[in-house]
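Undergrad: Position chain W against the provided structure of chain S, taking the given hints into account.
Order-wise, the sequence lines are chains S and W. First residue of the first sequence? That's 1 in our numbering, and the numbers climb one at a time after it. First residue of the second sequence? That's 175 in our numbering, and the numbers climb one at a time after it.
Keep in mind that the hints were calculated from the coordinates and are not lab data. What you are looking at is a predicted structure, and each value in this text was computed from that prediction instead of being measured. Keep in mind that a hint or two might mislead.
To be verified - Quick list of in silico lysine-lysine cross-link-like pairs, BS3-like style, CA-CA up to 30 Å:
hint	chain 1	residue 1	chain 2	residue 2
1	S	145	W	488
2	W	312	S	67
3	S	145	S	107
4	W	488	W	604
5	W	283	W	312
6	S	104	S	145
As the list claims (entries may be wrong) - Here chain W is said to cover these stretches of chain S; the calculated rule only asks that three of the stretch's residues, wherever they fall, bring their Cβ under 8 Å from a Cβ of chain W:
hint	region
7	80-94
8	136-143
9	147-157
We put the CB at the ideal spot given by N, CA and C, even for glycine.
Below are the chains, spelled out letter by letter.
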Amino acid sequence: MINQCKHKEMTRRQLLSRATVAGASFVVGAGFIAAPNGLWALEVNALEPATFATLVQMARDIYPHDKVGDAFYVIAVKGYDTAENAPTIIAGITDLDNRSQTQKGAKYLDIGWERDRVDILRSMENNSFFQMIRGGLVTGLYNQKSVWPIFGYEGSSYEFGGYIDRGFNDINWL
Amino acid sequence: MANFELNDDNVVVIIGTGAGGGVLANELAQKGISVVSLEAGGRHLPDDFINDEWDSFGQLAWTDARTTSGDWRVATDFSGLPTWLVKSVGGATQHWAGASLRFQEHEWKTRTVYGQVDGATLLDWPIDATEMDSWYTKAEDKLDVTRTGDRPGLPGNNNYLIFEKGAKALGYKDVHTGRMAINSDDKRDRLMCQQTGFCFQGCKWGAKWSAGYVDIPQGEATGNLEVRTHSHVARILHNAAGKVTGVEYFDKDGNLQMQKARVVCVAGNSIESPRLLLNSASNMFPNGLANSSDQVGRNYMRHMTGSVYAAFEKPVKMWRGTTMAGIIQDESRHDPSRGFVGGYEMETLALGLPFMAAFLDPGAWGREFTTALDAYENMAGMWLVGEDMPQTDNRVTLNTDVTDQFGLPTPNVHFSDHENDILMRNHAYKQGQAVYEAVGATRTFPTPPYPSTHNLGTNRMSDNPEEGVVNKWGQTHDIENLFVSDGSQFTTGAAENPTLTIVALAIRQADHLAREMSAGDL
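With the rest of the complex left out, here is chain S (with noise of 0.2 Å):
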């Protein structure tokens, strides 16, 4: 009950603070994180809403893709909310606050521009928490099958004969 308390109140902290300054991209609840639109809901369970949802803007400044929606990078960073990771990450979204801090004034949510979260992350590009969260997205977010017809990807082709009588010298431009 005092947890959920706690979260209540990050909520409407959280929502401030985000409605404000970042554009708004989540809205937390009780225990849950959601898109403002509503697309995708997460139930965070061993991270505090806000240390979550810092950690998925995180994942977002070190492979910012604007056609790639927060859905993706909260399935990227989802595994890190489990107890046994849970005193890693809090570990390091602290330090993470601390230099956003120190360095621009704010916490890391409340910096508006990815220039200046940049600045902080490369400030601890090679610790081993960013290296941790930077090497996990790579295939995390990369290797979503789901995020590949973003990128124009086909995946799989086998299973549709191949390209043979589907476009493998279809280009018309050169």
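TA: Same frame as chain S, now just chain W:
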């Protein structure tokens, strides 16, 4: 399928079933010789292959513990994965692109032709193009190589059409869809290419030649070949006379077994083969088997490699069709006026989105990287592969601090570029970028080498027992019934993809072994 007793000391034991070991096993079996092939991996046939890069990697890749050192970027970006090789019946022939090129005549004699190169251990092969000609023809016929014999070339895909137009705009002449071990018509035993892509993940049509589903089943059908899968060889044994007598291996259940042998042929690729010889050290051979020259593990070569990807205004969809769909050979000549010795080939290459993310610029992040991937659909790509300099300190050694799942010391792979490698790579990057700029590329990406698929030279061939591990037949100088049958025999690497040469050497070695055995000399 044969079934030999562990104490049958009349069998030839072959370690590994790839381009070298798999072909050798079949060739010997066809000649009536009893063969036991020990393969660390399992059996994966075309139906089993997966059109998915990471899932396939999990299925096929050799991911046992290894370590790296040296100044190559792979040691930083992929410190535990120096190679992209395969643990499966068929070895790396399951994964290879299929490019089947003969060495150029001068590449058999680089010490003579290039002269002394500081820091390099160039050496002439004890064989030459004339001797190898008929063996190459046999290999091309076995693999059904396109543009050899009566076999037509493959059609070009989008990635090739861009590459060809750029090459011709630059004035390159020797540009075509390659000599590939991929069927281009319906007249062969195997199906023809369906332009599916995913050549690196194993060809689900079986259109690409692999020892795993071509040579090994052919050998088994003779009744003279037994393949034991999931059998990891730990040590080669010898007697007091200094002849090898058998091998110890961990079977599929992890139990240590001992197979006796009349002859042992090592074909575990250029990392595992020297590792096995070194791990087989004994009181009689304290530095490892066949290592009186101290050359086992040395002169590790991995080809000068790199890639160039390029983004265009409009879609290319490079992943469609044959992964290695064409070649420019104009730069493969030896022409020191370019500032380096030896030459390089330019070959189209495509990666899927997941591997592009992993390999385009390992470790990179932020918008410089992600805007490149945003252009993925509009990308074309090529691989650059050239002759690298053998160096005595580029080598595979045992890392006794790190052991594998069987408790055996792991191989450490140490590699640093020679200055000649760097000069060649920079030249190749420039030419590759020019090819794409000539057809309107808006951005080009000189991409660093991937974990090595071409691993060569760690048991090099020489007539001189002080300079090499094996003689011109792949027979070790120190032990008459111990042979090396894979790319680790390579004296120097040449510019070409090595598989065809490994296959040609294996066919030739089988002929030699059969002759020596029937004469009672082995």
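Undergrad: The structure should be examined with respect to each hint, and the outcome stated for every one.
TA: Cross-check of the supplied hints:
1. S:145 to W:488: holds (23 Å)
2. W:312 to S:67: violated (52 Å)
3. S:145 to S:107: violated (33 Å)
4. W:488 to W:604: holds (23 Å)
5. W:283 to W:312: Satisfied, since the Cα-Cα distance of roughly 23 Å is no more than 30 Å.
6. S:104 to S:145: violated (37 Å)
7. 80-94: As far as the region 80-94 of chain S goes, the hint is violated, because 0 residues have Cβ atoms under 8 Å from chain W.
8. 136-143: holds (count 5)
9. 147-157: holds (count 8)
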